[in-house]
Structure formats: C-alpha cells, structure tokens
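Asks: Each chain is listed here by its residues.
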Amino acid sequence: MPVEIIEPGLGSSIQDLGRPGYYNVGIPPGGALDLASARIANLLVGNDEGAAVIESPYMGPKLRFTEDTLVAVTGATMEPRLNGETVPQWEAVPVTAGDELSFGFLEAGARIYIAVAGGFDVPEALGSRSTYPIGRFGGFQGRPLAAGDAVPVGSGSGTPGTSVPEHLRPSWTREVDVRVVLGLYDYRLAPAGLSAFLDESWTLTPVADRMGFRYTGPTLEWIEREQPFGAGSDPSNIVDAGYPVGSIQVPGGVEPIILHRDAVSGGGYAMVATVISADMDLVGQCSPGATTRFRAVSLDNALAARHEYRSRLQELRSALGA
Amino acid sequence: MPEHVVKSPLPGVFYRRPSPDDPVFVEEGAEVTAEQTIGLVEVMKQFAEVKAGAAGTLSSFAVENESTVGPGDDIATIETS
Numbered sequence: 001m002p003v004e005i006i007e008p009g010l011g012s013s014i015q016d017l018g019r020p021g022y023y024n025v026g027i028p029p030g031g032a033l034d035l036a037s038a039r040i041a042n043l044l045v046g047n048d049e050g051a052a053v054i055e056s057p058y059m060g061p062k063l064r065f066t067e068d069t070l071v072a073v074t075g076a077t078m079e080p081r082l083n084g085e086t087v088p089q090w091e092a093v094p095v096t097a098g099d100e101l102s103f104g105f106l107e108a109g110a111r112i113y114i115a116v117a118g119g120f121d122v123p124e125a126l127g128s129r130s131t132y133p134i135g136r137f138g139g140f141q142g143r144p145l146a147a148g149d150a151v152p153v154g155s156g157s158g159t160p161g162t163s164v165p166e167h168l169r170p171s172w173t174r175e176v177d178v179r180v181v182l183g184l185y186d187y188r189l190a191p192a193g194l195s196a197f198l199d200e201s202w203t204l205t206p207v208a209d210r211m212g213f214r215y216t217g218p219t220l221e222w223i224e225r226e227q228p229f230g231a232g233s234d235p236s237n238i239v240d241a242g243y244p245v246g247s248i249q250v251p252g253g254v255e256p257i258i259l260h261r262d263a264v265s266g267g268g269y270a271m272v273a274t275v276i277s278a279d280m281d282l283v284g285q286c287s288p289g290a291t292t293r294f295r296a297v298s299l300d301n302a303l304a305a306r307h308e309y310r311s312r313l314q315e316l317r318s319a320l321g322a
Numbered sequence: 001m002p003e004h005v006v007k008s009p010l011p012g013v014f015y016r017r018p019s020p021d022d023p024v025f026v027e028e029g030a031e032v033t034a035e036q037t038i039g040l041v042e043v044m045k046q047f048a049e050v051k052a053g054a055a056g057t058l059s060s061f062a063v064e065n066e067s068t069v070g071p072g073d074d075i076a077t078i079e080t081s
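So the sequence lines, in the order shown, correspond to chains A and B.
Going left to right, the first sequence walks through residues 1 to 322 as this note's numbering numbers them.
Going left to right, the second sequence walks through residues 1 to 81 as this note's numbering numbers them.
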C-alpha cells in the first residue's frame with residue numbers, strides 16, 4: 001500500500017545509500033547526503049540500513065498513509081506533525097491508514113529523512129533506489145517527488161517507540177568546521193590564496209543542492225602560469241581530470257564549490273582540497289547562510305575520523321538493538 | 001488591529017519581484033488576498049512563492065529585497081480586519 005504525496009516540499013526525493021561503482025562512466029554515487037541519518041531512520045522502523053527513504057531539503061513534504069505502519073524522521077530538526085499534532089523525531093512513530101504527516105519550519109540542519117517500515121519500494125536502477133534527477137533514472141520515475149504521487153512501500157515490521165538516545169543524536173549549528181585534505185591542485189594557489197582558503201570564513205549561498213554547495217568569501221589568488229595545452233585560459237583551469245566526491249573547486253578564484261553525491265565526475269577546474277568522508281554528512285546538513293571554515297587535516301587524521309564515524313554508527317546500531 | 005505575520009518557509013534569498021525588470025508583487029499599504037503571492041524565496045536555483053496567508057492590508061515588509069532569510073523569519077505584516 002503506497003504513501004501518497006499531498007505536497008512534495010522542495011526537491012524531495014527517494015534516496016538510499018547510493019550506487020557506488022559507476023563514477024568512471026560519469027554516474028555519481030548519489031544516495032542520501034547525510035548517510036548516517038538515513039541509516040538511523042531505517043534502523044528505527046526495523047528496516048535494513050540501505051532501504052529507500054525520502055530526503056527533503058529545507059522544507060518538509062505532506063504525506064498520507066494508506067495503511068497502518070511505522071514512520072521515523074531523522075536528520076535536520078523540523079517538527080513532524082501527525083494530523084496536526086506534534087510527534088517526536090528520532091523515534092519510530094506508529095501511524096494508521098488515513099493519517100497525514102506534515103512538518104513545521106526547518107529549525108536546524110538542512111535535510112530530513114523519512115523512513116517507513118518496509119522501505120519505499122521503487123525499482124532498483126544500477127543496484128540502487130536513489131533518484132538521480134539529472135540522469136532521469138532511479139527513485140520514483142527518475143525525478144523528485146510531486147503532488148499526487150503514490151509511492152509504493154514494502155512490508156516490514158518494527159517496534160513502535162524505538163528511539164535514538166539523546167546523547168547519540170546529532171546537533172546542527174550554523175557555524176561549522178569542515179575538515180579537508182589538501183590537494184590535488186592546492187599547489188596552483190598562491191600562498192596568500194591558500195592561507196585565505198584555510199583562514200577565512202565562508203558563507204554557504206542558496207546554491208546548495210545535491211550536486212554542489214557554493215560558498216562566498218574572499219577571492220583566492222592563483223599562481224600565474226602559461227596554461228598547458230587542453231586547459232582553459234583562467235588560472236583556476238586545469239587539463240580535465242576526475243573530480244572526487246567532496247572535492248572543492250574554485251572557478252575563477254571566487255566561490256568555492258564542494259561537489260556532493262550527485263556531482264559530475266570530472267572537468268577542468270583545479271580541486272584545491274577534498275572534504276574528508278566523515279564530514280560529508282555535516283556538509284549535507286548545512287543550509288544557506290551557514291558559516292564554514294575549511295580545516296586542513298592529514299590523510300592519517302582523515303582515516304582516523306572515518307574510523308570514529310564508523311564506531312559512532314556501531315554504537316547507534318547497538319543502542320537500537322540492530 | 002489584528003495582524004498576520006508572513007514567515008519565510010525556507011532559507012534562501014528573498015525577492016519582491018518576479019524578475020529584475022518586473023514591478024514588485026505588492027507595494028506596502030496594498031490590499032492582499034490570502035492566496036496572493038507577495039514574494040519569492042530562492043534556494044537550490046528554485047523559487048518558492050511566499051503567499052500572504054491572510055487577507056488584509058500589507059502594512060510593511062520586515063526584510064529588504066534580495067536579503068538572506070532563514071526559515072521562520074518574518075517577511076511581512078498584514079493587518080487583517
């Protein structure tokens with residue numbers, strides 16, 4: 001029995017953990033921008049962590065359930081309301097057929113994740129149920145959700161009232177430190193450009209979607225050179241190269257862009273740094289206006305942070321009896 | 001006089017005009033209907049319409065054109081009578 005979309009919010013889409021393995025042919029991994037919140041939403045309602053959920057940036061959708069089930073909302077702080085009555089986030093909430101789920105204003109973070117018991121049962125495309133709107137495949141008919149959609153749900157079972165302990169819930173702020181590993185092209189920045197990149201604060205612009213997050217701040221100075229054959233004429237251009245997910249390019253030396261999970265796989269802009277994998281969820285929970293500092297760490301530190309991220313997830317799984 | 005405060009549903013940039021060359025959706029002091037669009041909020045290259053939400057006189061805007069707004073921020077005040 002499907003869940004009906006009464007109002008879609010703004011660019012809500014079906015996502016799971018993504019489809020790694022096709023970036024070499026230009027298809028990005030996709031998947032929830034805040035993977036941990038998507039995993040937790042699923043665990044709360046008794047699903048596999050990789051079941052499909054709804055990701056809604058900045059504004060919640062309005063949904064109607066057509067059968068009795070369980071729903072959990074994680075990620076950004078945004079008051080869920082069941083038939084107008086406030087219900088908790090980070091908890092498996094029982095719903096009955098005909099119930100409507102709506103949301104208050106976004107209070108902190110950027111994206112909510114909505115899981116239902118059994119998961120959203122859309123067909124897999126290249127091994128994933130994630131929507132890739134640019135490629136028009138995956139998720140629900142290859143596009144963001146629209147009013148009137150009836151999204152199929154699998155069958156599942158979970159335990160009502162299952163909740164994430166308070167100390168394991170993330171807290172979102174408007175001032176974040178994002179850890180990066182410098183390279184591969186940081187040597188193209190003049191010393192003053194590199195120190196401005198790392199020392200100044202950056203403000204997230206409204207251009208902050210599944211493909212990229214664009215920031216305003218100082219102009220970065222590059223080292224002048226005679227551009228090599230195949231590279232564009234601006235000093236921020238390089239001969240085309242693959243773009244890692246999380247890499248930061250600075251076209252023209254202004255407005256750095258962090259590429260996120262729906263980004264293009266390559267191009268001709270120098271990547272001065274790459275966000276460490278453990279901080280990609282945090283980037284996904286930043287909304288326009290968020291003040292951001294890029295902090296350079298070593299590869300060893302990045303790996304230690306990844307280990308810590310995985311340990312925290314393991315702690316969550318234990319707390320939820322998964 | 002009873003008031004209705006219009007709030008931004010989204011984080012983004014607030015616009016009072018449908019496009020730079022067009023007149024504003026509504027002038028301060030004008031009568032509006034509940035369904036009337038009074039501005040736009042841009043985020044992710046998408047523009048969400050901000051509706052008045054109540055009928056009355058739009059007495060004042062709380063934010064400048066093209067300023068950054070957060071979700072729940074006051075946009076305008078409507079005097080309902």
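Simulated from the structure, these hints should not be mistaken for lab results.
Hints may contain errors.
Stated by the list, open to error - In silico SDA-like links for lysine to any residue, alpha-carbon gap of 20 Å or less: (1) B:7 with A:133; (2) B:45 with A:212; (3) A:62 with A:134; (4) B:51 with A:251; (5) B:7 with A:251; (6) B:45 with B:1; (7) B:45 with A:81; (8) B:45 with A:133; (9) B:45 with A:205; (10) A:62 with B:49; (11) B:51 with A:134; (12) B:51 with B:26; (13) B:45 with A:126; (14) B:7 with A:134; (15) B:45 with B:13; (16) B:45 with A:224; (17) B:51 with A:6; (18) A:62 with B:26; (19) A:62 with B:13.
These numbers come from a predicted model, not from an experiment.
Asks: Work down the list of hints and note, for each, if the structure agrees.
Replies: Evaluation of the provided hints:
1. Note on residue 7 of chain B and residue 133 of chain A: the hinted pairing is violated, with a Cα-Cα distance of about 30 Å set against a maximum of 20 Å.
2. The hinted pair formed by residue 45 of chain B and residue 212 of chain A meets the criterion: a straight-line CA distance of about 12 Å does not exceed 20 Å.
3. Proximity of residue 62 of chain A to residue 134 of chain A is assessed by CA-CA distance (about 24 Å); at most 20 Å being required, the pair is judged violated.
4. The suggested pairing of residue 51 of chain B with residue 251 of chain A is violated, with an alpha-carbon distance near 36 Å, which exceeds 20 Å.
5. The straight-line distance between the Cα atoms of residue 7 of chain B and residue 251 of chain A is roughly 35 Å, outside the 20 Å bound, and the hint therefore fails.
6. Our distance criterion of 20 Å between C-alpha atoms is broken by residue 45 of chain B and residue 1 of chain B, whose separation comes to about 38 Å.
7. About 28 Å separates the Cα atoms of residue 45 of chain B and residue 81 of chain A, which puts this hinted pair outside 20 Å; it is violated.
8. For the hint pairing residue 45 of chain B with residue 133 of chain A, the CA-to-CA distance comes to about 14 Å; that is within 20 Å, so the pair holds.
9. Between residue 45 of chain B and residue 205 of chain A, the direct Cα distance comes to roughly 11 Å. Compliance with the 20 Å bound is thereby established for this hinted pair.
10. Note on residue 62 of chain A and residue 49 of chain B: the hinted pairing holds, with a Cα-Cα distance of about 17 Å set against a maximum of 20 Å.
11. About 30 Å separates the Cα atoms of residue 51 of chain B and residue 134 of chain A, which puts this hinted pair outside 20 Å; it is violated.
12. For the hint pairing residue 51 of chain B with residue 26 of chain B, the CA-to-CA distance comes to about 11 Å; that is within 20 Å, so the pair holds.
13. Only pairs whose Cα atoms come within 20 Å are accepted, and residue 45 of chain B paired with residue 126 of chain A is rejected, the gap being roughly 28 Å.
14. Note on residue 7 of chain B and residue 134 of chain A: the hinted pairing is violated, with a Cα-Cα distance of about 32 Å set against a maximum of 20 Å.
15. For the proposed pair residue 45 of chain B and residue 13 of chain B, the alpha carbon gap of about 10 Å is at most 20 Å, so the pair holds.
16. Restraint check for residue 45 of chain B and residue 224 of chain A: not satisfied, since their Cα atoms lie roughly 33 Å apart, outside the 20 Å limit.
17. Between residue 51 of chain B and residue 6 of chain A, the direct Cα distance comes to roughly 18 Å. Compliance with the 20 Å bound is thereby established for this hinted pair.
18. Of the pairs offered as hints, the one joining residue 62 of chain A and residue 26 of chain B is violated, with about 29 Å between alpha carbons and a cut-off of 20 Å exceeded.
19. With a C-alpha separation of about 24 Å, the suggested pair residue 62 of chain A and residue 13 of chain B falls outside the 20 Å cut-off, and the hint is violated.
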